[in-house]
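Chemist: What follows is the residue order along each chain.
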Amino acid sequence: MARQMKKQVRKLGLPPGALVHTGQRKVEHVHIESIRYTDSVCDALRPPSLTPDLLADPAAGVAWLNIDGLHDVGVIETIGQRFDLHPLVLEDILHTDQRAKVELDDRYIYAVLQMLRPENDYIQSEQISLILTDRWVLTFQEAPGDVFDPIRDRIRQNKGRIRKLGPDYLFYTLLDALVDSYFLTLEKIGDRIEALQEEVARNPDPDFLNLIHHLKRETLFIRRAIWPVRELVNNLLREDDSPLITPATRTFLKDVYDHIVQIVDIVETYREMTAGLLDIYLTGISNRMNAVMKVLTIIATIFIPLTFIAGVYGMNFQHMPELSWRWGYPAVWIVMGVAAIIMLILFKRKRWL
Amino acid sequence: MARQMKKQVRKLGLPPGALVHTGQRKVEHVHIESIRYTDSVCDALRPPSLTPDLLADPAAGVAWLNIDGLHDVGVIETIGQRFDLHPLVLEDILHTDQRAKVELDDRYIYAVLQMLRPENDYIQSEQISLILTDRWVLTFQEAPGDVFDPIRDRIRQNKGRIRKLGPDYLFYTLLDALVDSYFLTLEKIGDRIEALQEEVARNPDPDFLNLIHHLKRETLFIRRAIWPVRELVNNLLREDDSPLITPATRTFLKDVYDHIVQIVDIVETYREMTAGLLDIYLTGISNRMNAVMKVLTIIATIFIPLTFIAGVYGMNFQHMPELSWRWGYPAVWIVMGVAAIIMLILFKRKRWL
Amino acid sequence: MARQMKKQVRKLGLPPGALVHTGQRKVEHVHIESIRYTDSVCDALRPPSLTPDLLADPAAGVAWLNIDGLHDVGVIETIGQRFDLHPLVLEDILHTDQRAKVELDDRYIYAVLQMLRPENDYIQSEQISLILTDRWVLTFQEAPGDVFDPIRDRIRQNKGRIRKLGPDYLFYTLLDALVDSYFLTLEKIGDRIEALQEEVARNPDPDFLNLIHHLKRETLFIRRAIWPVRELVNNLLREDDSPLITPATRTFLKDVYDHIVQIVDIVETYREMTAGLLDIYLTGISNRMNAVMKVLTIIATIFIPLTFIAGVYGMNFQHMPELSWRWGYPAVWIVMGVAAIIMLILFKRKRWL
Amino acid sequence: MARQMKKQVRKLGLPPGALVHTGQRKVEHVHIESIRYTDSVCDALRPPSLTPDLLADPAAGVAWLNIDGLHDVGVIETIGQRFDLHPLVLEDILHTDQRAKVELDDRYIYAVLQMLRPENDYIQSEQISLILTDRWVLTFQEAPGDVFDPIRDRIRQNKGRIRKLGPDYLFYTLLDALVDSYFLTLEKIGDRIEALQEEVARNPDPDFLNLIHHLKRETLFIRRAIWPVRELVNNLLREDDSPLITPATRTFLKDVYDHIVQIVDIVETYREMTAGLLDIYLTGISNRMNAVMKVLTIIATIFIPLTFIAGVYGMNFQHMPELSWRWGYPAVWIVMGVAAIIMLILFKRKRWL
Amino acid sequence: MARQMKKQVRKLGLPPGALVHTGQRKVEHVHIESIRYTDSVCDALRPPSLTPDLLADPAAGVAWLNIDGLHDVGVIETIGQRFDLHPLVLEDILHTDQRAKVELDDRYIYAVLQMLRPENDYIQSEQISLILTDRWVLTFQEAPGDVFDPIRDRIRQNKGRIRKLGPDYLFYTLLDALVDSYFLTLEKIGDRIEALQEEVARNPDPDFLNLIHHLKRETLFIRRAIWPVRELVNNLLREDDSPLITPATRTFLKDVYDHIVQIVDIVETYREMTAGLLDIYLTGISNRMNAVMKVLTIIATIFIPLTFIAGVYGMNFQHMPELSWRWGYPAVWIVMGVAAIIMLILFKRKRWL
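Residue numbers (this note's numbering), protein chains in the order written: chain A, 1 to 353; chain B, 1 to 353; chain C, 1 to 353; chain D, 1 to 353; chain E, 1 to 353.
The following block holds chain A by itself, in its conformation from the complex (with noise of 0.2 angstroms):
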């Protein structure tokens, strides 16, 4: 998949640190949003731009900032300033497919990890970014849209215990969410593949071909886009003594890395059944070809011999006598006949009928 790649490729020569962003333009405008709560207040704003006051410490409770576009280099290098971020927190930030990772910093959770989403039977990928402070989490999305939405409603609506936790909790909150949505992408590839197994094997059409590989590269994409996450997690829960997550929140990312090994396990088990596929396709080939051939033995068997008795008999010499016999014609004709229904039976026996 060389569109990874291209976007790399547009930033080589610059400096290291260098904020520049080399994805795809997704959105017009920067989309910011703003949700404040506490057990008792919340606070959602969708401001046109980001002023101080929206990066001002929350006196109290949990404040969320999620940035959706990320061509307007200026917004990010402001929210850097605001919270210190590393140049090369930054230049991932912008850098978008990356590959998933975690960094801890005394200070900041730098994760990020692509989100997926099934689109006109190619698997779309946005590149999500999210930063864990004591009091802050900080999201940022190539576009708007996403997998949050149930969570902007549980706490609007205080729903669960989400407003009662610190940002810890909605950081794990979000990851978990993220993970959750790979499960929908992965059914709808598995009942692709399922719905492809049964009908290659009716019926192996060489379109299909197009269909598996196609099927082949997305499981790929997929699986190198979601075996990092796995690590990711990983390295959060080994990483146990930084402050920025509670015990209890450690227990709930526990439960995400059980998700994404589960997720990791039926990958694998997706890209046994793409292969498989093939495997099913080409012996479907194989056996229609068989069948092929054997008509084409049946007739050519059968007939091959009966045109030349008759052959014999179109010949032309003066001295043929069974040209002149009363019952010749007749005769031939049960000959042949008989030989014919001689290599049914054989044909028969050797189980080629």
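Just so you know, these hints were derived from the structure itself, not from any lab. Careful: at least some of the hints might be erroneous.
Any copy, or any two copies together, can satisfy a pair, since identical chains are not distinguished.
What the hints assert, rightly or not - Result set (EDC-like, lysine to aspartate or glutamate): computed pairs, CA atoms no more than 20 angstroms apart in a straight line: (1) Lys294 <-> Asp207; (2) Lys216 <-> Glu199; (3) Lys188 <-> Asp241; (4) Lys348 <-> Asp105; (5) Lys216 <-> Glu198; (6) Lys216 <-> Asp240; (7) Lys254 <-> Asp97; (8) Lys294 <-> Glu198; (9) Lys350 <-> Glu198; (10) Lys348 <-> Asp205; (11) Lys26 <-> Asp106; (12) Lys101 <-> Glu231; (13) Lys159 <-> Glu77; (14) Lys164 <-> Asp57; (15) Lys216 <-> Asp191; (16) Lys254 <-> Glu103; (17) Lys254 <-> Asp84; (18) Lys188 <-> Glu268; (19) Lys216 <-> Asp265; (20) Lys348 <-> Asp207; (21) Lys164 <-> Asp134; (22) Lys254 <-> Glu239; (23) Lys350 <-> Asp207; (24) Lys294 <-> Asp97; (25) Lys188 <-> Asp105; (26) Lys254 <-> Asp265; (27) Lys216 <-> Glu268; (28) Lys350 <-> Asp205; (29) Lys26 <-> Asp97.
Fit chains B, C, D and E to the known structure of chain A by using the hints.
Modeler: Below, chains B, C, D and E alone, put in the same frame as chain A:
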């Protein structure tokens, strides 16, 4: 297999720890079974509903509470509160098709794994959750019917040492029964693979293809269920400071570990054998095609030249001296016979016959 | 390999540690053999039954008790009580087709592995259990006949250092003999693989397919038996604080480890070679099919046009000027000859001949 | 890839540490380049030969000495003595086609890796040796022309932080440039693989085979060059007690590590894709053969019986009543037409048309 | 590779440590070579037999004793007693076709590995045993002729640092020479693989099959010999507390390790390339078959319908109006010509021509 996924998907969007049964409802009513025993007394009940005295700590000995059917979330919630289980444990109990795993808490050990049962060519899996506390063993099943009946008999009839030992021994015995049941399932698969091996080699019928792919899928399915069980038992063994499992029981758990390693070995062997089945099938097909081709070639290569000769003497040229020869016709027969015999000898030499 | 499974299955439902022999009864009577030796004395007995004095500790030197035949559970139980063996060890002794493993207890070391013997194209496995205590070596076999006779000779004739050393050296010697016997079994397999390689390349007969798959299964079977032996010896080496094995013997065990590593290497090589055999066979088949196809093509492509020409002059049109030409008939022969020669030259050029 | 080997071989028989340039001589003269900079001053020279003042320690800031061309052993030896490099390091510099590795000494860090450049369908590799001391960075290349020009520009124009930081940052920047250059090389390969995927699927021409195998070899070649670079960077990161690399630079090196992991990911994906290309090609070939076979079968199976019928009525029997029937000839046409139509319908039904 | 096994087998049944030479006797007489050197003096002898003064400790410097030929067990035994070697070490020296390994004792280091030499298409292996003590290096070879001559020259002519350093440096130099010799062997294999790659692609002759399988076996053989050498050198490096190897020599051993890692890399590449050779061959075969099929199809599909037309007008019906038409015969020719041209155009369109 997309069946696992669908259940998962139904839950997405809910807050973590939300108690919703995501599996198929496999039973009309929730069945409750309570067995309490000491070395001297054994008390087995099948009460219609969950009364508080069922959840009271036993004065002595072991209390085993078995729940068949998971759709009544209230029952699970009551038990969860009674034993102070983590919300995610309750979620895992309800959320069937979990990957096998064990959670070690200070007060309880939670293990979840799949019970496998061959049913009309398909391997049916049923999720079994086991919870061990200092006095209790809790088991949760999706439906009645399990592999624990011999254990129930042993408790009732005070066979072996089970009545003399604590809940950790019961916990081990249940785990052992589940692992042993994998042998039965594998035997079914193994018998079918061996039967197919012989049949496919004898007669590579295209109908076997579906069977082979079905077996492949089932082996993959079993593998996904069994592999994590090894990790589960290994984790149980490694955590040797948990006070819930006595050293004596730990020795027995090592035996379970040996069994599961052996089972994993067999599953891998079966995977190689099913992969080999496809090879056997394909070589069978290509052998048969080879045989068909040979017959076609032999018939065609013998008769095509003969037919040509007959065609030559079927020409209507006015000046064809052979036509008027007295022995022309028999001579042609002789020429054709000799040509046929020479070709047959040639084919014999090349070992095509 | 469903044979392993069947025995396993017969035992299911019994309490763990229940003593039931699950293997095939390979011998009529249980044979007991007792060899006691010091540097100066050697005492070999083959008593008809297990008397208490056979189980009495030797005053000095080493006592080796060998049991051939496992169906008499009483004998095993008596020995188990005498040496205070764990019930699961007794179960493992009786329950044949164990995966090779070692159990290290404070008072004894229990090792179980398979002895392999080629017998009429099949590799026969027999489970050997070895128990080492401070004064005893106990061995349990399924049937009489083993690879220990050279060791018995060495003890009887006081060859080498065996009579001077303790039971741990005897234990090592027995293990070494078992591991060495794998070389013999592998040599048989290796010879057959090499013989097949040449034969299959020369003449890819479909009958070889069964042989190849048989060899593949046998190699798989050996592999499953031998791989865990490496782990067994490695575990013995790692447990360097067990007082039962002296440092001197440990050095010899390292040698056994080197041998088993070499054997595992050879088994893997043989697996690759059997997999290669199928490739050789299949390419042989496709080569032959290619040759057959070429002959068909050459005969057909030469004679089909010629037959067409003959057919043309076999038409009965009233106005066919060529038919009345004086040299029409010879001319047709010349045309046909030239056409055939041109085609033969063409085929030669394309290297089809 | 026998090219690597030949150079190696020329050196055999010499004592270890013997300084002989084993690579191809890629340049006429050795080019020397010296860049010395502090935050305020930058001094770039291209002297014709290595004078002592070029090797004098800089008063402040960083000295970068770049050597293009390795065949003048004297130059390398002089530098080796000046910086007291281990003889084996000098040998490694001269002995091109080293596996990427890093050597950590107290006084210097030596890293060697391959710079890759796509050139006329072939990936050209050039060995780059980097040596970092407390004040110096030394680089050795096989020929002029590299990926360091943007870095030279940044130093000269004082862009970014490079002039403010020490030699370890320069060392990192060079390493980063080399790793980034792999992206460019991979992009070339990736584009060619993707282009081939579509073309091969459309038209499986035998000429593509060479291209596919060429791509496979090149991917293998890149893989061998890139894999050990991961280890190299990892070793640099692990040795966190070396005083030569500051913690700030270490953070940047982690970024290089992330890049190289991503590159390894892409290489593995490309390997799978080139392997897939062969599958696509082979299924394309078998699809086409299938199509050819079908046409042959259809034409042959339709006309062979018809020709037989024509042959029958070409026989010269005196008593063939049909021949004298008034409508015999049209009737035969009708019979033949009906037979052809029936066969066409049959083929249609079997989906062969 | 049953050759390894046979030697092994001859030894079975003997007590461990029994000194029997199990390899092929490759030389008539045992050749003894003694080289003693200090920085100033060098003494090389080729005595006819092993005299006590040959085994006397050198006053200063290094003593190297080289034995060519292993069948004289007495010589080995004498040396074993002189240097107090473990019986198993002596056994390993005599027992050729050992897996490469190193044994670290307090007083000596024993290393055994295979020297490889290409000889008439076959890779010949010869076991070399090296023993390093504080003053001695002992080497045991199966036959005269080795890769150590450049080292002998360096010692005699006092080239490089060898005369200045201790026995550990000699030990390293010998090891390095053996490892370097693998490059030569691999180059031979590599050249043959590359030559085959081009030839097989050009002309997939069945004769190449044997060559490919031969190369595959040889690569497997080399791999089995070389892989454990990596472990050997690694173990030498890890045991950094052995007083027998100085830190300076350890640095040189790291270089040997780098070489062996590179060699293992190349061997793996060659394995992939030989596996690829079979693919190239098989696709070549299937391409050729495809070409043959196409010609058959084209000839057959063009002439079969034409022959049918000719057959029709060869029928003897009394009432066939076309037969008496004036231009019937030319018309038939035109019809047949048009049919043939249409078919050719069709084939052209389908890209079959």
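Chemist: Can you name, in rising order, the numbers of the hints this structure does not satisfy?
Modeler: Per hint list: 3, 4, 6, 8, 11, 24 and 25 violated.
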